[in-house]
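A.B. asks: Sequence:
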Amino acid sequence: MSASFEKHQKRRLISSYFSVVLSIALVLFLLGLLGMLILNAKKVSDHFKEQVVVTIYLKDSAKEVETKQLEKSLAMADYVKSTEYVSKEQAAEFMKAENGEDFMDFVGYNPLQNSIDVHLKADFVTSEHLEKISAEALNKNFVDEVNYDNDLVNLMNDNVKKISFWVLIISAIFTLIAVLLINSSIRLAVYSKRFTIKTMQMVGATKQFIRRPFVWKSVRLGMIGAVLALIGMAIVLYYLNKTFSELELLSNPVLMTFLFVFVFALGIVITWISTHFATQRFLNLNTDQLY
Numbered sequence: 001m002s003a004s005f006e007k008h009q010k011r012r013l014i015s016s017y018f019s020v021v022l023s024i025a026l027v028l029f030l031l032g033l034l035g036m037l038i039l040n041a042k043k044v045s046d047h048f049k050e051q052v053v054v055t056i057y058l059k060d061s062a063k064e065v066e067t068k069q070l071e072k073s074l075a076m077a078d079y080v081k082s083t084e085y086v087s088k089e090q091a092a093e094f095m096k097a098e099n100g101e102d103f104m105d106f107v108g109y110n111p112l113q114n115s116i117d118v119h120l121k122a123d124f125v126t127s128e129h130l131e132k133i134s135a136e137a138l139n140k141n142f143v144d145e146v147n148y149d150n151d152l153v154n155l156m157n158d159n160v161k162k163i164s165f166w167v168l169i170i171s172a173i174f175t176l177i178a179v180l181l182i183n184s185s186i187r188l189a190v191y192s193k194r195f196t197i198k199t200m201q202m203v204g205a206t207k208q209f210i211r212r213p214f215v216w217k218s219v220r221l222g223m224i225g226a227v228l229a230l231i232g233m234a235i236v237l238y239y240l241n242k243t244f245s246e247l248e249l250l251s252n253p254v255l256m257t258f259l260f261v262f263v264f265a266l267g268i269v270i271t272w273i274s275t276h277f278a279t280q281r282f283l284n285l286n287t288d289q290l291y
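For the sequence shown, UniProt numbering assigns the number 1 to the initial residue and increments by one for each residue that follows.
Hints in this document: simulated from the structure, not taken from any laboratory.
Any given hint could turn out to be false.
Simulated crosslink set (DSS-like; lysine-lysine; CA at most 25 Å straight-line) [claimed, not checked]:
#, residue 1, residue 2
1, K217, K193
2, K49, K121
3, K217, K198
4, K43, K68
5, K162, K121
Label pairs and their calculated CB-CB ranges [said to hold, decoys possible]:
#, residue 1, residue 2, range
6, N139, F258, 18 to 24 Å
7, Y239, K72, 55 to 61 Å
8, I273, D123, 37 to 43 Å
9, E71, L37, 46 to 52 Å
10, V254, A172, 20 to 26 Å
11, S19, T257, 27 to 33 Å
12, V254, H47, 49 to 55 Å
13, D158, K88, 32 to 38 Å
From the three backbone atoms N, C-alpha and C, an ideal C-beta is built for every residue, glycine too.
All chains should be built: construct the whole structure from the sequences, respecting the hints.
C.D. replies: Next comes the structure, spelled out in structure tokens:
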């Protein structure tokens, strides 16, 4: 009978520890993913901003030397990420591939213009900078027109600001929820040992002596949960970096290492604090209040 009871208690204890580790791992994993989102939010927004194209259309009278000089000066500018010269023949081939038919068969000639596609650095993709760049290009007498989607730029910048604000709010809320969930799991685990705590206290053990094994046990569980969370984060990060290689998510390994260390440390700190206060609560209760 006694052996059966001990096995039952052991199974309950293992189940309790498993639920604590699982809850810590899941919460830290989600918190880590949110951290990766925050760290890479600017990189993602910069990637989309740099897809905006400023097209400089050249007059047919433009000389080759003038075109090359303009392209070279743009490539050397601080605000330009890359440039690409597109001849009218290349533009016609692109339109033919897009539409599936050769429009020149109907028109009889190529009405398109030679152009230079300019990709700006993300920090310069604003209406003010685009207007300034457009004005500078139009000062050239061989430039016919400068075209870009100003409405898209304004919408993109507004959305980036809104998303950044809400991500910060959600991060704060989620961090609070994470702390509460882990704290709840730890308190349930300590609750199952409340009679042991009170028995040790009744035979003269000090609070620090009673608290120490519970704290160290919870810290070890927190470390195991944190390691599981880090493994999950590493798998997701590897998949995202492989799928969206253009975002270069691993271009700053120091920042990613800091995030992983932070998540691991958070698992230890939260479990330590939660166990400290949970054991303190039961140490301060009377025997009648344990039931």
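A.B. asks: If any of the earlier hints don't hold here, list their numbers in rising order.
C.D. replies: Numbers 4, 6, 7, 9, 12, in rising order.
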